[in-house]
Amino acid sequence: MMEAQREVYKEEAYELLGELEVSLLALEETPGDGELIGRVFRALHTIKGSGAMFGFDEVAAFTHEIETVFDLVRNGEMIVTKALIDLTLAAGDQIRTMLGSSKGSEEADRAQAKEIIGALKTLLSVKDAPAPAPQQQTLTEADDAELAQATYRISLRLDRNIFAKGSNPVLLLNELRDLGESKVIAHTEEIPNLPELNPEECFTWWDILLTTSRGINAIRDVFIFVEDECELKIDVIADASSLEDDAPTKRLGEILMDRGWVSQEDIQKALGKQKRIGELLVDAGLVQPSKLESALAEQEHLKAVRGKQQKEESASNVKVPAERLDTLVNLVGELVTVQARLSQTAASMSHTDLLSISEEVDRLTAELRDNTMSIRMLPIGTTFSKFKRLVRDLTNELGKDIVMVTEGAETELDKTVIERLNDPLVHLIRNCIDHGIEPPAVRAASGKPRQGTVHLSAAHSGANVLIRIADDGAGLDIEAIRAKAVEKGLIAADAQLPEKEIFALIFAPGFSTAKKVTSVSGRGVGMDVVKRNIDALRGSIEVESRKGVGTTVTLKLPLTLAIIDGLLVKVGDGHFVLPLSIVEECVELTREDVARAHGRHITYVRGDIVPYIRLRERFLMDGDPVEVEQVVITESVGGKVGFVVDKVIGEHQTVLKNLGRFYRNVEGISGATILGDGTVALIMDIPKLVQGVEVQEAMVN
Amino acid sequence: MPNMDGIELIRQVRANSSSKFIPIVMLTTESQMEKKQAGKEAGATGWIVKPFKPEQLLAVVKKVLG
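So the sequences go chain by chain: A and B.
Sequential numbering from 1 applies to the first sequence in the numbering used here.
Sequential numbering from 1 applies to the second sequence in the numbering used here.
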């Protein structure tokens, strides 16, 4: 019993240590922040208190010493210095080690603990001037803080000739959407019938409901160029106070009345009958349907905003061991596979009742799948804070001056992807710090700021997440890489390679151009491991660099590794799956189309030329193509590419399975999935396939 | 510009059916408010007032192009 509780304590303590570290690093940037100091203190206090309760006496005693120091800081009797942060970070590591060793701490650790406490005591003895009132700084910063959230009703009627001024109303609406949660209702009654319609004029007007904390001026700014050519009305319909109180959401009638569209009597009259008020008003011709829709939308929007706020307030979390989640995902995977079988069987029996049941199960499975996947999604920010510590430690060790800026910490990624991303990111960031960014003196000499920056950002892009690690260092030395590659026999001495491919060489095994090996990097084992790790995650790496300006490494990763939406196609007897996220459309390819292209692998789609790859040829499959083939058009970074298949079967929820060891290195295939009837479909790795064909073409030419 | 001033240019661009919907941003000085009005009437989409910072230009271009 006690043992289980001790485990729980350890879990909690590790979490608190993480929090402690984040707060300390933030505190280093804003040393006077009273709230951060409080957070550090509370973390230490809890570690100490619960530690003593569960028999971690040594941890408790040690933490007590540090807590004492922060008590002084909290009371303004001591100021936060770099030395203090350094020591406290070291103390955090010490607590972690103590927790890790089962029987209290070992001798060596004890010496270390003594050392830390000794250093802290020295700090205490030299504390002199009391801290400059720690609260003040936070107050001034609060001035820039966002305004309170409010909901606005924006009524926008643009000048009819607005298009002739090059303005695009959609852009304005999009800009509003960027300000916060919004709902746009278009009023289209005024659009004339087709014979009278002048398509170059704007007849639509809009009601926009927007909940934002940016204030009314930000909204007005959106319309800065059109304010003279539009009727714009902005009303606050709910602000922070009205959202907080318990008053019920406004009724439809009240909203319509607020807008002056109906009178009190209209509503009373309408209420006299026993029908829904909205329908009644429309039936009576008092309100146009779109106005009613707009008012209903307002009601809904307010409800949603308030609901969300309440949810945020009472948001509670449930802690679940990771294995249980993994089991859940596996089970959902099995369910999806069985469901595919059910659909197939139902379809082949053409039993109407069974079909409708199967469709319902299909829908539920898809929902269950999405839900399960979202449970596994974690914000990538947790790893980001770890890297901040890494950067700080390495910077000190190497005598450089570097800060790390992070962006997009809230970007969510599958838990396993985040876990497996850790090592590659550590390598890449180390590389930036060790090879990339120059020592301060060198930077100053070349006219750069002494302090280097490592920029770490994450962002969603379709079904992928892009992670960028950028430094403003020396950049890659293209000639050195080329020379090294020739020396290692990776490329021929006279090879003409585009810049991008030369940069890609740094991912070759055993490649490193660093002249001296430091403890940080330079052994040339890093980058190829990074590449392998990212490949294993079905991701890709791209390097951009300019000499003297910096290097950017972009990792492109799939959102999830377990189940994707795919498009199932057939070539001969083989089934293949293309990730649905990159499929644009499917078109037919007749014999005449082929003849018209004179042997070139291109087809025309609405006037555009789209090159295609014949899967039958690519995978060296036997048999003749069918009379009318299908081209699945995919969109990727390099543009559109078609894949010619015999038959497009349809959407398929694809549970990804890894290929066995023998097949793992097959190019153009990233995995497999099991179909309803038990046969195996291969999942195509589109970028690799395209790349493969490009390389082949280049060699032919 | 030789032959034509900016406002005339806007007018001619707007008169051409293949370019009439293209966003046009004009650059004016603080003292030329009536010029701004004339430009708008000719069909300018937006404007920037001199002196301006590169970020302002980028923001305006982004605004009119989306």
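By construction, these hints were calculated from the structure, which means they are not laboratory data.
Worth double-checking, as some hints may not be accurate.
Said to hold, decoys possible - Listed next, the in silico DSS-like pairs over lysine-lysine satisfying Cα-Cα at most 30 Å (straight line): (1) B:K20 / A:K233; (2) B:K63 / A:K183; (3) A:K269 / B:K62; (4) B:K36 / A:K183; (5) B:K20 / A:K556; (6) A:K640 / B:K63; (7) B:K63 / A:K647; (8) A:K556 / B:K36; (9) B:K62 / A:K233.
Claimed, not checked - A few chain B residues that face chain A, going by a derived Cβ cut-off under 7 Å, partial list only: (10) P2; (11) M4; (12) I24; (13) T28; (14) A42; (15) G46; (16) F52; (17) G66.
What the hints assert, rightly or not - Computed beta-carbon distance windows for the label pairs: (18) A:S155 / B:E55: 52 to 62 Å; (19) A:V403 / B:E55: 18 to 28 Å; (20) A:E29 / B:E55: 41 to 51 Å.
All C-beta atoms in this analysis are idealised placements derived from N, C-alpha and C, irrespective of residue type, glycine included.
In ascending order, which of the hints set out earlier in this document are inconsistent with the structure?
Structure breaks hints 3, 4, 5, 7, 8, 10, 11, 13, 14, 16, 18, 20.
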